[in-house]
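Q: For reference, the chains in residue letters:
There are 2 protein chains.
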Amino acid sequence: MLRTHTCGALRMEHVGQDVTLSGWVARVRDKGGMIWIDLRDRYGITQLMLEEGKGNKEAIEIARTLGREYVLKVQGKVIERVAKNPKMSTGDIEVKVAAIQVFNPSKVPPFLIEDDTDGGDELRMRYRYLDLRRDIVRQNLVLRHQVAKVTRAYLDSHQFIEVETPVLIKSTPEGARDFVVPSRMNPGQFYALPQSPQTFKQLLMVSGFDRYYQIVKCFRDEDLRADRQPEFTQIDCEMSFVEQEDVLNMFEGLVRQLFKEVKGFDLPEVPRMLYADAMKYYGCDKPDTRFGMRFVELTDLVQGKNFQVFDAAEIIVGINATGCAGYTRKEIDELTDFVKRPQIGAKGLVWVRYAADGTLKSSVDKFYTEEDLKSIAARFEAKPGDLMLVLAGDVKSTRPQLNELRLELGSRLGLRPKDKFSALWVIDFPLLEWGEEEKRWFAMHHPFTSPKDVEAFMHLPFERLGEINANAYDMVINGVEVGGGSVRIYDRSLQNKMFELLGFTPEEAKAQFGFLLDAFEFGAPPHAGLAFGFDRLCSIFGGADSIRDFIAFPKNNSGRDVMIDSPSEINPKQMDELYIATKPLPQKN
Amino acid sequence: MLRTHTCGALRMEHVGQDVTLSGWVARVRDKGGMIWIDLRDRYGITQLMLEEGKGNKEAIEIARTLGREYVLKVQGKVIERVAKNPKMSTGDIEVKVAAIQVFNPSKVPPFLIEDDTDGGDELRMRYRYLDLRRDIVRQNLVLRHQVAKVTRAYLDSHQFIEVETPVLIKSTPEGARDFVVPSRMNPGQFYALPQSPQTFKQLLMVSGFDRYYQIVKCFRDEDLRADRQPEFTQIDCEMSFVEQEDVLNMFEGLVRQLFKEVKGFDLPEVPRMLYADAMKYYGCDKPDTRFGMRFVELTDLVQGKNFQVFDAAEIIVGINATGCAGYTRKEIDELTDFVKRPQIGAKGLVWVRYAADGTLKSSVDKFYTEEDLKSIAARFEAKPGDLMLVLAGDVKSTRPQLNELRLELGSRLGLRPKDKFSALWVIDFPLLEWGEEEKRWFAMHHPFTSPKDVEAFMHLPFERLGEINANAYDMVINGVEVGGGSVRIYDRSLQNKMFELLGFTPEEAKAQFGFLLDAFEFGAPPHAGLAFGFDRLCSIFGGADSIRDFIAFPKNNSGRDVMIDSPSEINPKQMDELYIATKPLPQKN
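For the record, the sequence lines run as chains C and X.
FYI, this note's numbering numbers position 494 of the first sequence as 494, with every residue one higher than the one before it.
FYI, this note's numbering numbers position 56 of the second sequence as 1056, with every residue one higher than the one before it.
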């Protein structure tokens, strides 16, 4: 037996017992006559003590050779500490060591195994197994385990059945790029890794499974932005004989249960916001509702006063930065520079300051009277001490620009703390969006999402199809889309029409999705579902910006695992067996 | 709302309530004045009733158009049945229908949606979504869900943390063939899909996770025998600071918990059998211990009596088919033909019959006296009425041949019922096995398994390494290996030596497993683990021979999913982006 207790287990009640502990050396303090060792494992730290001339001589000798991260087994007796440490769960006791066995020595780690480490990102990724030894990183993965556990318990209690869908499936041209897998047994042919189990979960509904879930790896071969991973995990769910309302209630229940059990926080009822309102009041489809600062439109109020910029604009819209009237010229210039950054692209920023003394001043005083400014302030419901910030331009660009400004201000004003949570459902997304470049309609969610108005969908002229909304919904927490789904099409002719609109020929639709279209002819029930981004959900619960911290072995932005050095070349024999060859590679710059 | 209750929910207490049900038409009986419909969903069947002239006329009209597998919503009132059906949970009531809405009609399914179907294997796989609608198939997947749930609950309660390891990893030449995935972002390079998360779980132990588990998809590009799948699922586990005994106890606990909760069966303590004894007494490393019939060796007893076959044999070994003395000549000939089949390859079968009247007769009476036969019978502990069956030859072939005969007899005698369970641990496997063809040692388990005797491993001459046993163990249930694992090497020099023995150059070892070897230098703890074949485990619990019945969307023996028609060709643009091309394909025969 390599241990009788873990390093987090011993208490006053164990005093006098002979115990065996195993763990890592966190610290050694050698005071000459006395040596103390902090022994660490996943469960805690226990202080070991050796006294010169009293303990086992051999143990003292070994203790003097120990370094950080050595792995030991020690035997000894639990004694009460003279100087107790109330900050440690084991702080009342220490173990008087009789024998030490070193399982493994350790080289000096390339960075500090502490919450506040000196290791850079690349070094920590290369030695991920040491990075994971840091308490703060392991806690993220423990949280992930908890989120999975609570999710499963909730869904189990609601009669969902966990079903595994295949990983080796078929490549489809719609959507993001697939990872593909050459088949040795079927030369010249390829499997694809799933971007989601969408069609399989729909088939399970046709099969009468009624309620399905899976916590499942999905894959997308996309150019990776800072916070994407080529493989990611979804909580994937589907229900039969339900309408949108049933799905929203079921998964609002899940999220509230998660907040309660994982964060000890009672999430209030999750409000619902129309997509159109989200765009109108927040300029984006995933508003951060931890703070207000909703958009206020001034178009009707400020045009016709000879201010050319406003008169030429399609929309004039602003936010009220409450309490910011004291912003200096420099601070306002910073905000102006912020919105003029190329990534945001605004032409300029108009401000109206409602000074504490009640006077109004603006960057456009030349064009607007005190009276004008008063009615603007009234529209903003501004009070003395507030600062109104206004953008103008075309609708399509201006709202997203103001969204960026609003978020920036929210951050500056401390209105977006990581330990505050605000969730909402965004509903009634458009069904289709127009691809300017490709000159065709694209499914905003995916091709299996049902239109709200089937009649309109079947009969509206092609160019007006953008008016139709979908039975689609997203859950947004703190401005991050954590999940989304839709009520699905379950009628073959409706699905055919959708594929046709999306530019599939009947032959292509049959080749790609014939099995699903066929299934719809054998008694497909109404069904709907959704998927949560599991990595993202965990990062929200963990109060972190990056999902990478919640994945045990993540890949970098080039899709590489720098620890195992993957991907890598494979041997020619392997390629021969798969009937593939590599083409001449692109020239490196 | 599409339903107020499921089709399995209504009881006498609901009589008088207005309800809405949704489901599939299982059966329609139209008796002229009355129509009955069995409406089915996952939860059960509810009888619907419509009475001509009393109900809604429109509903009657719709009812007359319904076919099997149509999907409906019905509204009506729960009434007490005149003729109750005690076999159905809803058999006390029926629903008097006021309105019917058809969600979807259904074509006639290509096979009967019943437990006893007329659909052949290929047809059912092509329409797997209809096959899954059969109660018997869905129950298999519900059982799978249960096994997963109990497994997670058990491991959670023992402080295991579920950690997801990556699916896109690195190809390694050792072991079975990898599936590979070309990397677009790293041209000319490939990921591999994991055959198991072995190295990652070991790294998690180095990271101090202490106890890890995962129910995880693994992949092997092997030529598929009847009951293999290219993607399969493992319950994968690893523990730190444990010895073999700790692991056996922990996972024996899991299996007993599973039997208790899933089958309602108290599995007795799981016995342990040495690999050497399994070979000696059963001729295989996964004996079916639902029945006895252990091997009895006669070599010393029967040689030197001028029977050339026995005298030339390395081993003479048999089994006692208790109570089979009545076997006819024809039955014995069948058994002889059985062992002489090319797949088994015995030269012949010797029998000794202990007749009910106490006389002994054999197929080798020419060489053996009554006295000889008596001492043979005594060695078998045979009684009047028994039949002894004996094979002779070299040890390596004869034992496996007798194993086949033993299993065949067990089946014939009804000693292997699917609802009886016998589990055992097989321990002390050899560490290495000699590859005759390759003229080198192979790891019997895998290269990370530790030798029982490290000293011997480091110092025995090369040709004697086969004598060394491993800290490796398999769990066998009813003659099927359901899981296995080992105590791992955690010392770099020992691991280096192992790689060297397995024919790795130091450079190859570093290129393939450098990250693990490096990790061993930063304080690797003693650790051990195991993995259960999850599909296999489910099939055992379900009393089935094939794992395919316990996988929602399995592939056929050519690795194809015939429902979605995968794998398939991909478009040239996709291949260009991946810098790969297909080679000229092999000529089809």
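For the record, the hints were derived by calculation from the structure and aren't laboratory data.
Since the model is a prediction, treat every value here as computed from it, not as a measurement.
Be aware that a few hints might be false.
[Said to hold, decoys possible] The following residues of chain C were derived to be distant from chain X, with all beta-carbon distances above 12 Å:
1) M12
2) L21
3) N56
4) V71
5) P105
6) E122
7) Y129
8) V163
9) T299
10) F307
11) P384
12) W441
13) A519
14) K555
15) K573
16) T582
[As the list claims (entries may be wrong)] Straight-line alpha carbon distances no greater than 20 Å define the calculated EDC-like cross-link-like pairs of lysine to aspartate or glutamate that follow:
17) C/K73 x X/D1246
18) C/K361 x C/D386
19) X/K1573 x C/D518
20) X/K1107 x C/E438
21) C/K583 x X/E1577
All C-beta atoms, glycine included, are put in the ideal place defined by N, C-alpha and C.
Q: Does each hint hold? Answer for all of them.
A: Consistency of the hints with the structure:
1. M12: C/M12 clear of chain X: closest Cβ-Cβ about 23 Å, beyond 12 Å.
2. L21: 9 Å, violated
3. N56: 21 Å, holds
4. V71: 5 Å, violated
5. P105: 8 Å, violated
6. E122: Holds, because the least Cβ-Cβ distance between C/E122 and chain X comes to about 15 Å, which exceeds 12 Å.
7. Y129: About 4 Å separates C/Y129 from the closest Cβ of chain X, which leaves it inside 12 Å; violated.
8. V163: Violated, since 5 Å does not exceed 12 Å.
9. T299: 42 Å, holds
10. F307: 49 Å, holds
11. P384: Answer for C/P384: holds, closest chain X Cβ roughly 51 Å.
12. W441: Since the minimum Cβ distance to chain X is about 21 Å, C/W441 lies beyond 12 Å and the statement holds.
13. A519: For C/A519, whose nearest Cβ neighbour in chain X is about 5 Å away, the distance does not exceed 12 Å, so it is violated.
14. K555: 7 Å, violated
15. K573: 9 Å, violated
16. T582: Answer for C/T582: violated, closest chain X Cβ roughly 5 Å.
17. C/K73 x X/D1246: 16 Å, holds
18. C/K361 x C/D386: 11 Å, holds
19. X/K1573 x C/D518: With a Cα-Cα distance of about 29 Å, the restraint between X/K1573 and C/D518 is violated, given a limit of 20 Å.
20. X/K1107 x C/E438: Judged against 20 Å, a Cα distance of about 38 Å means the pair is violated.
21. C/K583 x X/E1577: With a Cα-Cα distance of about 10 Å, the restraint between C/K583 and X/E1577 holds, given a limit of 20 Å.
Of the hints listed earlier, those the structure fails to meet are numbers 2, 4, 5, 7, 8, 13, 14, 15, 16, 19 and 20, in rising order.
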